[in-house]
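Position 39 of the sequence shown, counted from 1, bears residue number 38 in numbering that gives the first Met the number 0, the numbering being contiguous throughout.
Think of the hints as simulated: they come from the structure by calculation, not from any bench. These numbers were taken from a predicted model, which means no experiment stands behind them. A portion of the hints provided could be inaccurate.
[Unchecked claim] What follows is a set of in silico ranges between Cβ atoms, one per label pair, in the way DEER data are often shown: (1) Ile-261 - Asp-127: 20 to 26 Å; (2) Gln-232 - Lys-136: 22 to 28 Å; (3) Asn-60 - Glu-190: 28 to 34 Å; (4) Gly-164 - Ser-99: 25 to 31 Å; (5) Ile-226 - Thr-61: 42 to 48 Å.
Every residue, glycine too, gets a C-beta built ideally from N, C-alpha and C.
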Amino acid sequence: MRTNRWLLGLAMSVSVVALAACGSQGDEAKPKESSAAAEQSPGADSAQGQKDQQGQQGKPNTKDIPKVVAEVNGEKILKDDFVPLFETQYQQMQMQAQQSGQPVDEKGLKKQTVENLVSTEVLVQEADKRKIDVSDKDIDKGLKESAKSGQMSEKDFLKAMKDQGMDEENVRSELKNQLKIEGLVEDEYGEFEVSGEEIGQAYEQAKSQQEQMAQQGGQGQQEMPPIEDMRPQLKEQVKNQKSQEATQKFAKKLRKQADVTIHL
Numbered sequence: 000m001r002t003n004r005w006l007l008g009l010a011m012s013v014s015v016v017a018l019a020a021c022g023s024q025g026d027e028a029k030p031k032e033s034s035a036a037a038e039q040s041p042g043a044d045s046a047q048g049q050k051d052q053q054g055q056q057g058k059p060n061t062k063d064i065p066k067v068v069a070e071v072n073g074e075k076i077l078k079d080d081f082v083p084l085f086e087t088q089y090q091q092m093q094m095q096a097q098q099s100g101q102p103v104d105e106k107g108l109k110k111q112t113v114e115n116l117v118s119t120e121v122l123v124q125e126a127d128k129r130k131i132d133v134s135d136k137d138i139d140k141g142l143k144e145s146a147k148s149g150q151m152s153e154k155d156f157l158k159a160m161k162d163q164g165m166d167e168e169n170v171r172s173e174l175k176n177q178l179k180i181e182g183l184v185e186d187e188y189g190e191f192e193v194s195g196e197e198i199g200q201a202y203e204q205a206k207s208q209q210e211q212m213a214q215q216g217g218q219g220q221q222e223m224p225p226i227e228d229m230r231p232q233l234k235e236q237v238k239n240q241k242s243q244e245a246t247q248k249f250a251k252k253l254r255k256q257a258d259v260t261i262h263l
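Model the full structure from these sequences, guided by the hints.
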């Protein structure tokens, strides 16, 4: 079973956000206001103060999110599905914004989040049509992998996810959907093959990224392990990349055929 990318991404976001909060309380730079209305009303000190406080806490304003954010072939995507993912991605982007000095594009992030949820829904619906099944054992394994990737115990991972608005039932349900999607993509495209040339390209890319990070950090560059030592890892990386590209392509195709209404 391949690692579930969406939930692992969320796990890593939770881990990064938690570490940043522990390490920078009290001396964080205030993020720039991203609301166009606030920019047009610089005298609204009280409202601005509330938004700044909200930004420091790492959570965007979600009061205006409708109860049903989208409908896909008659199936509703609810605010409760939208908010945990949106808030976690916002926190991650907020930390990047503090480093770059650029405000978080809340409007754009809302659009991106709902589009991701719509893509997930059309894929899950197709998986259900094809009777792609995921067992409790598969979910248990995926949950352990997600916690390990976030460098947490399973208990701490579930607690962190609950802090983001997703209890264990929600996490397991989301994980089941994502594993269904992986099964669907494999059913549609088969097993992805990886050539020696592609592994070599991935190795050179990793080497280049390490050099850039060393230059940006002003540190001495660490020597890359030989390609043979990294071959299994690089092969899995290329496979995952191909799977992601295929998933996006298939979701786009299914989206064109679906009846989709977005209420944001």
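(request) Any hints from earlier that this structure breaks? Give me their numbers in increasing order, please. (result) Hint check: 3 fails alone, others pass.
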